[in-house]
Amino acid sequence: MISWIGDSIVSPSGFTSAENYEAAKARRSAIAPHAGDGLAEPYHAAVINKEALAAAFEQRCGSPAGLTPLEQAAILSVAQATEGTGINPASPKVLFVFSSTKGNIHLLDAEADSYDRNKLYLWHTASLIARRFGNPNEPVVVSNACISGACAQIAAMRMIEAGRYEWAVVTGADMASRFVVSGFQSLKALADGQCRPFDANRAGLNLGEAAATIIYGKAKGKAESAKSISLRAGSIRNDANHISGPSRTAEGAFLALNDILKHADKKDIAFVCSHGTATPYNDRMETIALQRAGLDRIPTNSLKGSFGHTLGAAGTLESIISKWALTEGLALGTCGFEEPAQDCALPVAAHNIASGGSCFVKMLSGFGGSNAALLFAKSEED
Amino acid sequence: MLTIKKYSYISPQHAYPLPPHLKAAMAGGIDMGKLYRSLAIDYPKFFKMDTLSKLGFLAAELLTAGEEKGEAEAMNDRSVVCFNKSASLEADIAYSKTIQKENFFPSPSLFVYTLPSIVTGEIAIRHKLRGETSFYVSPEWNAELLVDTVRQIFAAGASQSVIAAWIECEPDSFEAFMMLIGNYAEGLPLSAENANELISDFRIHNIF
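Top to bottom, those sequences are chains U and R. Quick note: the first sequence uses the numbering used here, first residue 1, plus one each step. Quick note: the second sequence uses the numbering used here, first residue 1, plus one each step.
Any given hint could be a false lead.
[Unchecked claim] Here are the in silico distance ranges between beta carbons for each label pair: (1) R:Pro44 - U:Arg117: 47 to 55 Å; (2) R:Pro189 - U:Ile353: 52 to 60 Å; (3) U:Ala65 - R:Lys101: 26 to 34 Å; (4) U:Asp265 - R:Pro189: 52 to 60 Å; (5) R:Glu144 - U:His34: 42 to 50 Å.
[Claimed, not checked] One side of the interface only, derived from the structure: several residues of chain R facing chain U at Cβ under 7 Å: (6) His21; (7) Tyr36; (8) Arg37; (9) Leu39; (10) Ile41; (11) Phe111; (12) Lys128; (13) Ser134.
Everything labelled a hint here was simulated from the structure, so no lab data went into it. For glycine and all other residues, C-beta sits at the position ideal for the given N, C-alpha and C.
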């Protein structure tokens with residue numbers, strides 16, 4: 001168990017956690033049509049305005065020269081998340097953990113001699129972020145497909161619990177490059193318009209861009225934890241079924257849920273924030289996992305309709321939004337969900353609903369048959 | 001006590017452990033297709049894999065050869081954790097060649113391999129492992145990080161055994177060093193020193 005200390009989201013919905021939470025709460029979507037320059041077809045995605053990002057970066061962190069948009073967004077989110085926490089990111093007791101599926105992969109589109117080739121390596125991006133804050137430790141870098149952002153939080157929890165570090169700065173970041181968009185187009189996985197998680201008419205996902213940082217620390221003593229939220233448990237499990245399609249029996253997702261439920265009473269769970277990509281297969285698979293785990297009477301939502309699928313940032317971004325919702329006593333509605341799907345018999349939250357539970361569950365699934373589940377809880381006195 | 005029960009290694013020069021009858025056949029260097037065929041495995045999906053997945057697949061075959069099959073419960077709780085420097089860069093470059101602006105035919109079968117963690121999924125599928133699968137990136141082989149990570153996977157309580165590997169592909173080279181770790185009565189005690197010594201035996205001392 002580790003304690004939540006701070007957070008920040010940089011996405012097209014806003015450059016702070018508060019703006020992003022308000023957007024999700026209002027079921028506003030940042031997903032918009034894009035021309036698809038250099039692609040076969042146009043596409044819908046949640047894309048950060050890069051000029052606005054550079055301006056926000058300049059105001060908070062100095063010149064963005066030489067930094068890619070991904071690096072700017074990640075650094076900005078770390079700077080904002082650490083602010084006011086009293087934690088010195090330059091301390092050797094702080095570990096930086098970085099989660100990304102594709103990092104600066106957009107550089108492969110550029111002329112080979114026009115950029116520093118090291119920028120193609122995820123460890124280089126992670127080091128650049130950590131060095132920027134004067135941190136002396138080698139960052140931990142997770143690249144575990146779409147569950148990376150959950151794995152990064154689990155890695156932070158384990159390192160802190162093992163006594164290696166006192167605090168962790170966990171950042172997830174990914175961009176909707178031509179590389180990634182063309183790949184998802186070639187897999188026929190993208191929705192024609194806005195995605196519709198768990199909806200009868202769901203027909204694919206939208207990609208999204210974001211950097212999202214959470215600061216964690218050692219579990220607090222009871223006296224100081226009155227209002228804090230903890231990451232209480234996390235589990236990663238493989239389907240052992242197919243590299244690009246989920247298990248029909250939701251094997252890995254079910255096992256991951258089963259692992260974390262050993263640490264919670266189901267009646268305390270306020271809501272489940274699903275992966276909810278809005279592909280036909282994913283949402284049905286998650287329904288089966290929740291049914292098998294006995295969580296199919298608890299409100300479920302998906303945030304993909306607001307932010308798109310932010311890949312390596314999804315785990316941290318959606319945990320932050322859900323943490324804010326738990327704190328406010330809400331289960332957020334699902335942007336894009338209108339008509340319940342027959343194959344997703346779940347109490348999907350269409351609109352924001354008041355919710356008194358003290359815990360929430362975050363689910364993620366990804367290529368390679370990987371699945372993750374996280375359990376977050378308010379401290380016991382709340 | 002956690003021990004390194006077995007280990008395997010593959011580089012362009014060597015593969016370990018090889019059954020005696022294959023040693024002469026592989027003496028001229030390691031070609032992954034040739035190694036696959038010599039192991040007499042029937043797994044046609046091998047030929048669809050990218051280099052990183054082929055390498056991990058073969059290292060896992062060498063690692064688990066002769067292991068008792070049929071312990072379904074134990075396999076449900078076996079994890080796979082891999083580390084490397086370049087993530088899936090080789091597959092990334094191969095895919096990016098299919099999206100050149102003048103010659104735009106994006107290949108879905110190449111795209112799915114542009115995630116390093118796919119190799120952990122391929123190993124999980126082949127051996128029916130439903131434990132944790134994770135992929136970490138670091139600038140070089142880091143025995144301390146690997147051993148820390150493996151110990152923490154066991155401490156989390158859901159794993160009976162862990163396959164842990166350094167698995168790197170570069171345009172002109174490749175290397176896989178894979179270990180089977182668990183609470184076994186046999187093997188070397190799990191430590192960064194022992195892991196360093198084992199990989200050095202292969203890399204420097206050429207012990208096969």
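Structure-based check of all given hints:
1. R:Pro44 - U:Arg117: 47 to 55 Å: Taking Cβ atoms as reference, proline 44 of chain R and arginine 117 of chain U lie about 36 Å apart, which means the hint is violated.
2. R:Pro189 - U:Ile353: 52 to 60 Å: 53 Å, holds
3. U:Ala65 - R:Lys101: 26 to 34 Å: 27 Å, holds
4. U:Asp265 - R:Pro189: 52 to 60 Å: Violated - the Cβ-Cβ distance for aspartate 265 of chain U and proline 189 of chain R, about 39 Å, lies outside 52 to 60 Å.
5. R:Glu144 - U:His34: 42 to 50 Å: At 44 Å between Cβs, range holds.
6. His21: 31 Å, violated
7. Tyr36: 18 Å, violated
8. Arg37: Not OK, violated: arginine 37 of chain R not within 7 Å of chain U, min 22 Å.
9. Leu39: It is violated, given that the least Cβ distance between leucine 39 of chain R and chain U is near 21 Å, above 7 Å.
10. Ile41: Violated. Min distance 17 Å.
11. Phe111: Since the shortest Cβ distance to chain U is 4 Å, the answer is holds.
12. Lys128: Holds: closest Cβ of chain U sits about 5 Å from lysine 128 of chain R, inside 7 Å.
13. Ser134: 6 Å, holds
The structure fails to meet hints 1, 4, 6, 7, 8, 9, 10 from the earlier list, while all remaining hints are met.
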